[in-house]
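**Student:** Produce the entire structure from the sequences given, and follow the hints as far as they go.
There are 2 protein chains.
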Amino acid sequence: MKTLGDIGEDELIRRVVRLVPTGLGEGEAPGDDCSVVDSGGDRLLLLKTDALVEGVHYEKSADPEAVGWKAVARVFSDFAAMGGVGERFMVTLALPGATELKWVEALYDGMGKCLREFGATLAGGETCRVPEASAAVISISATGSVKRGQAVLRSGGKIGDEIWVTGKLGGSLSGKHLSFFPRVKEGRWLAENTGITAMMDLSDGLAKDLPRLAEASGCGFEIRRDAVPRNLGCTLEQALGDGEDFELLFTVPAGEKIEEAWNVKFPELGVSRFGVLTALGEGEKLSGGWDHFGA
Amino acid sequence: MKTLGDIGEDELIRRVVRLVPTGLGEGEAPGDDCSVVDSGGDRLLLLKTDALVEGVHYEKSADPEAVGWKAVARVFSDFAAMGGVGERFMVTLALPGATELKWVEALYDGMGKCLREFGATLAGGETCRVPEASAAVISISATGSVKRGQAVLRSGGKIGDEIWVTGKLGGSLSGKHLSFFPRVKEGRWLAENTGITAMMDLSDGLAKDLPRLAEASGCGFEIRRDAVPRNLGCTLEQALGDGEDFELLFTVPAGEKIEEAWNVKFPELGVSRFGVLTALGEGEKLSGGWDHFGA
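Residue numbers (our numbering), protein chains in the order written: chain A, 1 to 295; chain B, 1001 to 1295.
Where hints are given, some of them may not hold.
As the list claims (entries may be wrong) - Computed list of lysine-lysine pairs in DSBU-like fashion (alpha-carbon distance at most 35 Å, straight line): (1) A/K113 to B/K1002; (2) B/K1147 to A/K60; (3) B/K1002 to A/K285; (4) A/K60 to B/K1168; (5) A/K2 to B/K1147; (6) A/K147 to B/K1147; (7) A/K113 to A/K158; (8) B/K1113 to A/K2; (9) A/K147 to B/K1265; (10) A/K2 to B/K1060; (11) B/K1060 to A/K102; (12) A/K102 to B/K1113; (13) A/K102 to B/K1002; (14) B/K1147 to A/K113; (15) A/K60 to B/K1285.
Note that these hints are calculated values from the structure, not bench results.
Note that this is a predicted model, so its numbers are computed, not measured.
**Tutor:** As structure tokens, this is what we get:
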């Protein structure tokens, strides 16, 4: 019998999505950072769900306020990756009954800080008990929106588009993954001010996420390894594979200059061009990165 | 140190909601079956999140297709309880890596059946790994909508309003909880054709849920125990406390006759009047029902 560990996350999603009815609109079916829903009007509705698991995405000993910040910030990062903003959040907590009330209150404090920072609200939630030996699960779902015409999908990249990334990569495991600042302003700026063709946020590592963006765009890719921006003390392997960078990976048409305007707008956060989209089947392969069910 | 088991679910929600920003619109803050969002237009947006935990809401040995149906049907039931309909669903699965692929596919088959039955689609999802000894968690979130002016909150009941319920109560533990049919058509009919003042669905048992509806309406309540409709072979205690009935509990102004039109429209599903809303602090108390963190 095949298990989830045998096939990995991407293959699992491909298989199960065939079993259920999905929407027909562009970007409405599963596969992007958010689902895009067109209900008329000048803004499109964005939908997102995400989860943190104790012992997988955070350690039991981690500061619960930081865990709460992270749970919500991850979702803002997905809205940012569409060129949009988050608006209304729902929190589902599955916790053992022996969980301390203080822990849950600190978790909500952290979620509240992140919601206030980026101007969104809590619209609902659910709390339920898991058996005492089970890991806690924090599931966040949210609605957001993006101006019509500005939603940036993973699938819009074209052969020859250049591949860019915000900030620097690698080193999330040393604690940065709990306190990162999602690139909300940056994602909106890119959608409004550049010829951006495709975007996603880096959650599973460049080695895992760049192939996803290229595949969604029907392309291959080539990168210059020495141009991948790395955090201080990180090897190339860490920059490609640590995951949880929560920087924005995006493509723009070849030759478009964005550094100058970027550096005026975001002087403290770099932006780097490090590769190009190729024809499908050409280019190179990357291995590594985070698979939720991988060995 | 206080734990969640010490304080219970309702007290937990009261405490944590104070720690985060919430919306200002009527029905937008947490507390109802769904959150109601007014973005203009002739329909209001409804938001809902809900979760099933292995070993709590279903047994590991349960038919995964039935579990998938139940996970989605519970959320349709919440939309029904607002007088609305479900539209776009997101599924978050937190599963051990050793979970069999066949199990997950059967789960999605069941979710797909329920989505098709009630005319909604899957708009996104997330799968993540929990440690091998942990219980699986299936978290569903969804958007829906309700016609402006027809959203039925828990808080609209008035002193003297009569208390009604659809169908019969009790006995969920004998398996019915996996195959129930959410009262979607019935909820819409009530919202469109009666003077209904408050409504919710019965998930934790009448003994737990009726006090919630009365409290949200700023009222007490009195019931006639012999008028509580029971499933065959169920005691009054089971009808009050088993939970997971997924029938609709609602109030209408005193003297309003709804049985005749109801019986024409829904000849196979009864509707019963069994109590009245009283002034706050008067009336009676009920004990029992399901508390997610109770002892």
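**Student:** Now, for every hint given, state plainly whether the structure supports it.
**Tutor:** A quick look at each hint next to the structure:
1. Of the supplied pair hints, the one linking A/K113 and B/K1002 holds, its CA atoms being roughly 24 Å apart against a limit of 35 Å.
2. A hinted pair counts as satisfied when its Cα atoms are at most 35 Å apart, and B/K1147 with A/K60 does not qualify at roughly 44 Å.
3. As the CA atoms of B/K1002 and A/K285 are separated by approximately 52 Å, the hinted pair breaks the 35 Å bound.
4. With a C-alpha separation of about 44 Å, the suggested pairing of A/K60 with B/K1168 is violated against the 35 Å cut-off.
5. About 46 Å separates the Cα atoms of A/K2 and B/K1147, which puts this hinted pair outside 35 Å; it is violated.
6. This hinted pair checks out: A/K147 and B/K1147 have alpha carbons roughly 25 Å apart, not beyond 35 Å.
7. Under the criterion of a C-alpha separation no larger than 35 Å, the hint pairing A/K113 with A/K158 is inconsistent with the structure, at around 39 Å.
8. For the hint pairing B/K1113 with A/K2, the CA-to-CA distance comes to about 24 Å; that is within 35 Å, so the pair holds.
9. At most 35 Å may separate the alpha-carbon atoms for a hinted pair to count; A/K147 and B/K1265 exceed this at roughly 43 Å.
10. A C-alpha spacing of about 18 Å is found between A/K2 and B/K1060, which places the hinted pair at or below 35 Å, so the restraint holds.
11. Distance check on the hinted pair: B/K1060 and A/K102 sit about 31 Å apart at the alpha-carbon level, within 35 Å; holds.
12. A threshold of 35 Å between alpha carbons decides the hint, and for A/K102 with B/K1113 the separation of about 41 Å lies outside it, so the pair is violated.
13. In summary, the hint linking A/K102 to B/K1002 is supported, as the alpha carbons are separated by about 8 Å, within the 35 Å threshold.
14. With a C-alpha separation of about 34 Å, the suggested pair B/K1147 and A/K113 falls inside the 35 Å cut-off, and the hint holds.
15. Between A/K60 and B/K1285, the direct Cα distance comes to roughly 40 Å. Violation of the 35 Å bound is thereby established for this hinted pair.
When each numbered hint is compared with the structure, violations occur for hints 2, 3, 4, 5, 7, 9, 12 and 15.
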